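**Student:** As a plain string of letters, each chain reads:
Number of protein chains: 2
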Amino acid sequence: MHDLIKKLRESNGSKIVLLVADGLGGLPIEPGGKTELETAKTPNLDRLATEGTVGLSTPVAPGITPGSGPGHLGLFGYDPVVHDIGRGVLEALGVGVEVGPRDIAIRGNFCTIDADGRVTDRRAGRIPTETCERLVAKLRAHVKIEGVETLIEPVREYRLVVRFRGDGLGEDVCDTDPLQTGLATIAPTAGSPGSEKTARVAEEFLKQAQAILHDEQPANYLMMRGFAAFPKIETMAEVYGLRAVAVAVYPMYRGLARLVGMTVAEPGKTIADQIDVVKSLWDQYDFFFIHYKYTDSTGEDGDFARKVGVIEALDVEIPKLVALRPDVFIVTGDHSTPSRMKSHSFHPVPTLLWAPATSRPDLATTFGERACLNGGLGQFLAKHLMPIALAHAGRLQKFGA
Amino acid sequence: MHDLIKKLRESNGSKIVLLVADGLGGLPIEPGGKTELETAKTPNLDRLATEGTVGLSTPVAPGITPGSGPGHLGLFGYDPVVHDIGRGVLEALGVGVEVGPRDIAIRGNFCTIDADGRVTDRRAGRIPTETCERLVAKLRAHVKIEGVETLIEPVREYRLVVRFRGDGLGEDVCDTDPLQTGLATIAPTAGSPGSEKTARVAEEFLKQAQAILHDEQPANYLMMRGFAAFPKIETMAEVYGLRAVAVAVYPMYRGLARLVGMTVAEPGKTIADQIDVVKSLWDQYDFFFIHYKYTDSTGEDGDFARKVGVIEALDVEIPKLVALRPDVFIVTGDHSTPSRMKSHSFHPVPTLLWAPATSRPDLATTFGERACLNGGLGQFLAKHLMPIALAHAGRLQKFGA
Numbered sequence: 000m001h002d003l004i005k006k007l008r009e010s011n012g013s014k015i016v017l018l019v020a021d022g023l024g025g026l027p028i029e030p031g032g033k034t035e036l037e038t039a040k041t042p043n044l045d046r047l048a049t050e051g052t053v054g055l056s057t058p059v060a061p062g063i064t065p066g067s068g069p070g071h072l073g074l075f076g077y078d079p080v081v082h083d084i085g086r087g088v089l090e091a092l093g094v095g096v097e098v099g100p101r102d103i104a105i106r107g108n109f110c111t112i113d114a115d116g117r118v119t120d121r122r123a124g125r126i127p128t129e130t131c132e133r134l135v136a137k138l139r140a141h142v143k144i145e146g147v148e149t150l151i152e153p154v155r156e157y158r159l160v161v162r163f164r165g166d167g168l169g170e171d172v173c174d175t176d177p178l179q180t181g182l183a184t185i186a187p188t189a190g191s192p193g194s195e196k197t198a199r200v201a202e203e204f205l206k207q208a209q210a211i212l213h214d215e216q217p218a219n220y221l222m223m224r225g226f227a228a229f230p231k232i233e234t235m236a237e238v239y240g241l242r243a244v245a246v247a248v249y250p251m252y253r254g255l256a257r258l259v260g261m262t263v264a265e266p267g268k269t270i271a272d273q274i275d276v277v278k279s280l281w282d283q284y285d286f287f288f289i290h291y292k293y294t295d296s297t298g299e300d301g302d303f304a305r306k307v308g309v310i311e312a313l314d315v316e317i318p319k320l321v322a323l324r325p326d327v328f329i330v331t332g333d334h335s336t337p338s339r340m341k342s343h344s345f346h347p348v349p350t351l352l353w354a355p356a357t358s359r360p361d362l363a364t365t366f367g368e369r370a371c372l373n374g375g376l377g378q379f380l381a382k383h384l385m386p387i388a389l390a391h392a393g394r395l396q397k398f399g400a
Numbered sequence: 000m001h002d003l004i005k006k007l008r009e010s011n012g013s014k015i016v017l018l019v020a021d022g023l024g025g026l027p028i029e030p031g032g033k034t035e036l037e038t039a040k041t042p043n044l045d046r047l048a049t050e051g052t053v054g055l056s057t058p059v060a061p062g063i064t065p066g067s068g069p070g071h072l073g074l075f076g077y078d079p080v081v082h083d084i085g086r087g088v089l090e091a092l093g094v095g096v097e098v099g100p101r102d103i104a105i106r107g108n109f110c111t112i113d114a115d116g117r118v119t120d121r122r123a124g125r126i127p128t129e130t131c132e133r134l135v136a137k138l139r140a141h142v143k144i145e146g147v148e149t150l151i152e153p154v155r156e157y158r159l160v161v162r163f164r165g166d167g168l169g170e171d172v173c174d175t176d177p178l179q180t181g182l183a184t185i186a187p188t189a190g191s192p193g194s195e196k197t198a199r200v201a202e203e204f205l206k207q208a209q210a211i212l213h214d215e216q217p218a219n220y221l222m223m224r225g226f227a228a229f230p231k232i233e234t235m236a237e238v239y240g241l242r243a244v245a246v247a248v249y250p251m252y253r254g255l256a257r258l259v260g261m262t263v264a265e266p267g268k269t270i271a272d273q274i275d276v277v278k279s280l281w282d283q284y285d286f287f288f289i290h291y292k293y294t295d296s297t298g299e300d301g302d303f304a305r306k307v308g309v310i311e312a313l314d315v316e317i318p319k320l321v322a323l324r325p326d327v328f329i330v331t332g333d334h335s336t337p338s339r340m341k342s343h344s345f346h347p348v349p350t351l352l353w354a355p356a357t358s359r360p361d362l363a364t365t366f367g368e369r370a371c372l373n374g375g376l377g378q379f380l381a382k383h384l385m386p387i388a389l390a391h392a393g394r395l396q397k398f399g400a
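Here the protein sequences come in this chain order: A and B. Just so you know, the first sequence maps onto residues 0 to 400 in numbering that gives the first Met the number 0. Just so you know, the second sequence maps onto residues 0 to 400 in numbering that gives the first Met the number 0.
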């Protein structure tokens, strides 16, 4: 599909806005009740739904609940099953660690070993985050490996991220976690010749870490897993010919945008700030990815009423984006996060596409899960949304004569 | 999919009619208004929509605007991305030049070169079509190449079609257009050994053309591009076991039908004539492709009212086809041509399938874009329509036990 797009694409100065309300889709609490989005008063989104075209997006495949990585890759037009991003890279992006083509990112976790080197607690008693931060600082102060640059970043409790930067680093190295207590950790071993340097570097890192941590309790060692290189993925400029910018507050989404080659702007703190940033960059880019976190976090908290509230707060901001006169304005989510489930879910995601010049109106007059059932976009795979957006923006030539 | 169909298909004497109203889908002119098809009074199509099953067809892929070639291949059940028909072949079909397995079809255009052979006008001042016809006649009278049969046909203004017929002709020859003025034309060069004869023939053709045209102004030379062989494509008889006949007035559609092995009937001039032809051939074929051009041409003209008119004129003829008692009767388009856009578009195409013995009725009681949103066919890829039609006609056995 990307090959076809590359052949057909053309530039015409049009502007596309992709507003991702993370975890937008929901469920009713009561049988027969309304979802969060259906409950929220959203006059501005309803107007766009009436004038535009709506539908339901399946992020990865029917029945698949996506994490943030696959969810966003789909919306950016990449098949999330084909473009599997390594766990180490996702963990790094999540804490704001940049990952580039010379890097290997690794998930680490502090653990407890006994005098014989056997693991007695794989999570080091779930040490508090402050301890994690102190131990990471200690590692930073003392670890020194020739030939690579090492970056260490705390995540939460017993979890950390390690990034090696250097030449000739492959990602094909086994996890060192034995997955049960009573066993020694596994030596990091390369699965293919191109990763031997990484394995040697990791071995040296673990040796130094053991020495540095040996008088700590309970976190007197660490394990590494999910060795991952920067994924080979074509940029949005290469595939779509778009100058794309991300205006996202949280590190994970900035990182995901960077993976597909977007410029990452300083977003400010609130959605109002983000929209101001979009406004200030309007002439410099063709494609604007705006990420709104709170529909997901309130869903994860199981707080139906607060999820309704943050949807309403988002709706209030919509006219500012419409006032910029985008050629295509999309509002969707990377997945559903029903507050009833307190987690990401597999349910299709309400999606609205408003394109004043090219939208074919459908039967929807509000923006919500049930209204989207009658939508002109039908039920579609998220990876098809970008070609549909480009088409509505007049950026795809006719295929064949 | 074709392999599966070939295993499951069986003949049962049933009849399938595929009526393609070219560019059928549309858009409202006014926000909230009706499309052309929704505006048209179509009591006969509405009756079929009520009794049958409707849906929205995506010709190639979401967001892709198809030309007539890919649009029709999809409806005939061939993946238009896999079966990419070369530009030269499509141009030839469009002016009624037959293309067969021993042929290479090439798009030509007259141009102006200076005394040093540099292109000064790539379109020869857009000479009128009459001049094009005179120059083509002059070329026909004098070009003579050993070992191949040459056919030259005017298209419009500076454009013409050249067809070489002979043995051992490959299509892998570069365009001779340098794409900018001030440069010499490029010699036709084979990209692989199987196309060397074509390159030599083209070189000789261009040499002779230059001598024949040298005292013309401004069209004193020509360039060639889009070298294309007859596509290797299984016929509808081979895939579906159908005796298929095309009743189409315009050359392009007759040619496309011939590509997939249909017999091409003499259609008369009007849709009423075409239906008479179908009636006269009813016992000799299983599958009838009827092409109606005017829904597209009025859309291309941007004439909403006339597009409504030609839809109503088509509706009047529908009972005659129903009276033939087809087992499956499909009305669809190869793409949308909204008069608001004056061009083909990417919007899904209203589709109706009426099969008295097997249709499962849905919620639609009229035939139109919005009504099709609730249709039993859902939103589907055009290439899936043929298996659905065969199934409704009882021509596919059970798969597996």
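By construction, these hints were calculated from the structure, which means they are not laboratory data. The model shown is predicted, which means the values in this text are computed figures rather than measured ones. Treat the hints with care, as some may be off.
One copy or any two copies: either way a pair holds, since identical chains are not told apart in the list.
[Said to hold, decoys possible] Heads up, simulated SDA-like pairs for lysine to any residue below, C-alpha to C-alpha not over 20 Å straight-line:
(1) 341 - 356
(2) 5 - 82
(3) 6 - 80
(4) 6 - 62
(5) 40 - 315
(6) 196 - 43
(7) 6 - 78
(8) 319 - 9
(9) 6 - 232
(10) 5 - 81
(11) 143 - 318
(12) 14 - 62
(13) 143 - 49
(14) 397 - 62
(15) 33 - 362
(16) 278 - 244
(17) 5 - 78
**Student:** Can you give me the call for residue 397 and residue 62, within, between, both or neither, at a CA distance of at most 20 Å?
**Tutor:** Only across copies: residue 397 and residue 62 sit 10 Å apart there, 34 Å inside one copy, limit 20 Å.
**Student:** With 20 Å as the alpha-carbon cut-off, assign the pair residue 5 and residue 78 to within, between, both or neither.
**Tutor:** Answer is both; intra-copy 16 Å and inter-copy 19 Å each pass.
**Student:** Between the shortest in-copy and the shortest cross-copy C-alpha distance, which are at most 20 Å for residue 14 and residue 62: within, between, both, or neither?
**Tutor:** For residue 14 and residue 62, the Cα distance is within 20 Å only across copies (16 Å; inside one copy 33 Å).
**Student:** Check residue 341 against residue 356 for me: Cα-Cα at most 20 Å, and say if that holds within a copy, between copies, both or neither.
**Tutor:** Classified as between; 13 Å across copies, 39 Å inside a copy.
**Student:** When no copy is specified for residue 5 and residue 81, does a C-alpha distance of 20 Å or less occur within a copy, between copies, both, or neither?
**Tutor:** both (18 Å within a copy, 16 Å between copies)
**Student:** How would you classify residue 6 and residue 78 at a CA-CA limit of 20 Å: within, between, both, or neither?
**Tutor:** Both, since 19 Å and 18 Å are each at most 20 Å.
**Student:** Have a look at residue 5 and residue 82 and pick one of within, between, both or neither, based on CA distance no larger than 20 Å.
**Tutor:** both (18 Å within a copy, 18 Å between copies)
**Student:** Quick one: residue 6 to residue 80, C-alpha cut-off 20 Å, is that within a copy, between copies, both, or neither?
**Tutor:** For residue 6 and residue 80, only the inter-copy Cα distance (12 Å) is at most 20 Å; the intra-copy one is 24 Å.
**Student:** Within a copy, between copies, both or neither: where do residue 196 and residue 43 come within 20 Å Cα-Cα?
**Tutor:** For residue 196 and residue 43, the Cα distance exceeds 20 Å both inside one copy (55 Å) and across copies (65 Å).
**Student:** First find the shortest C-alpha distance between residue 6 and residue 62 inside one copy, then the shortest across copies, and answer within, between, both or neither for a cut-off of 20 Å.
**Tutor:** Between copies only: 14 Å across, 33 Å inside.
**Student:** Between copies, within a copy, both or neither: which fits residue 278 and residue 244 at Cα up to 20 Å?
**Tutor:** within (12 Å within a copy, 58 Å between copies)
**Student:** Check residue 143 against residue 49 for me: Cα-Cα at most 20 Å, and say if that holds within a copy, between copies, both or neither.
**Tutor:** neither (60 Å within a copy, 64 Å between copies)
Comparing the model with each earlier hint shows violations of hints 6, 8, 11 and 13; every other hint is respected.
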